[in-house]
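So the sequence lines, in the order shown, correspond to chains W and A. Basically our numbering = 1-based index in the first sequence + 55. Mapping the second sequence onto our numbering, position 127 (from 1) lands on 118, and the numbers just tick up by one.
Keep in mind that the hints were calculated from the coordinates and are not lab data. Watch out, some of these pointers could steer you wrong.
Taking CB as the label site, the calculated pair distances span [stated by the list, open to error]:
#1 W:Ser196 / A:Ala54: 29 to 35 Å
#2 W:Pro181 / A:Ala154: 30 to 36 Å
#3 A:Leu57 / W:Leu189: 29 to 35 Å
#4 A:Thr74 / W:Met226: 18 to 24 Å
#5 A:Pro116 / W:Arg227: 34 to 40 Å
Here the structure is a predicted model, which is why all the values come from computation and not from measurement. All C-beta atoms, glycine included, are put in the ideal place defined by N, C-alpha and C.
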Amino acid sequence: MEKTLALVALFAALIAALGFLPAMMLPGGVPITAQSLGIMLCGTVLGAKRGALAVLLFLVVVALGVPALSGGRGGYGVFLGPSVGFLVGFPLTAFVAGLVVERWNAPVLYSAGVGAALGGMLVLYPLGALGWALMLGKSLSEVGVFLLGFVPGDLIKVVLAGFITRAIGQMRPSALLSRAG
Amino acid sequence: MLTLTSPYQTWAHHLPAAAKMAALAAWTVLLFHLATLLPLALTAAATLALPLSCGASFAVVSARMLRPLWPFILILALWHLWTRDLATGSVILLRLITAVTAANFVTMTTRLSDMIRVLARIAGPLALIGLPPKTFALAVALVIRFLPVMLQRMTQIRESFRARSLRRPGWRLFIPALLAALDDAECVAEALRARGGAG
């Protein structure tokens, strides 16, 4: 109980801290926000349930007015803005990413990469687009085009999530809770 | 300053937090039901009067909090200029700006500790699925306490990387940061148990 509480709270704090980092620029000018990579990693490292809980707790703290969402955003306002779909999708991203690592017994590099791709793109994009469509009064096909802008950055994040999760599993196998059983 | 609560004491700071949060919920529902320009414009004017009533410097901070919306406002404006559907465009924009301003107003005038207290009360029913409100409030407090610790830890990791290399740490920051969070959680769990547990 205490272990779960501490893990969930500290990882929520870690996601929040990542929001204060400036976006990393890759060669070619593709911005990568540390925060969404952190959300994928929450799932692949902590596992489905604890990862999703950590992201939920992070969103609660953001709603309470801590400006911890990337770009210094916070408060209830972010849940009434156009990006609400992505916010709702974040816990699901961590859950799906964690579920894949838990259930699919492939080498961690692959299962974490695939999990991050399923959670961070396949699950998150439709929700994000739905949020945009509802809040901006557009149809899904009209806003869908804008999602394409995320694809290159997210593909890189998926690969990074795979490598980072594998590195953690190698350095401290017991710390990779998604594989701890 | 770690929260968005405004340090200027305004009249709205003295209202009970639960009332403000309930009013915000009702206001937002109303806002998303208005679909014509005139009532929406009146609602928007009433909402924008709230930060203005708290003084100029408060209103400036409130306006600055709308900054993340600018890209959306720009795209919407261009879109509706192009489709020549200005009425729909104005309705969507007004609704967006009003909703976010109202929500930010509550955020800026309510102390974090008051908000956590209200939240713990609302979360009461969660006890039925095994999450006592006390644990929930403790979790929120832990996040807020550990956020500066995590920030400091990440600065340390980055500085030690810079001391060893000319490159920027970039994604290499993640591995030590995750490991540190996992290790810290172990210590925090032990400390919680030593002080009587979380349940």
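Here's how the hints hold up against the structure:
In this structure the supplied range 29 to 35 Å holds for W:Ser196 paired with A:Ala54, their Cβ-Cβ distance being about 34 Å. In this structure the supplied range 30 to 36 Å is violated for W:Pro181 paired with A:Ala154, their Cβ-Cβ distance being about 44 Å. For A:Leu57 paired with W:Leu189, a C-beta distance near 20 Å fails the hint of 29 to 35 Å. A hinted range of 18 to 24 Å is violated for the C-beta pair A:Thr74 and W:Met226, which are about 55 Å apart.
Remark: the range hint 34 to 40 Å for A:Pro116 to W:Arg227 is upheld by a beta-carbon distance near 38 Å.
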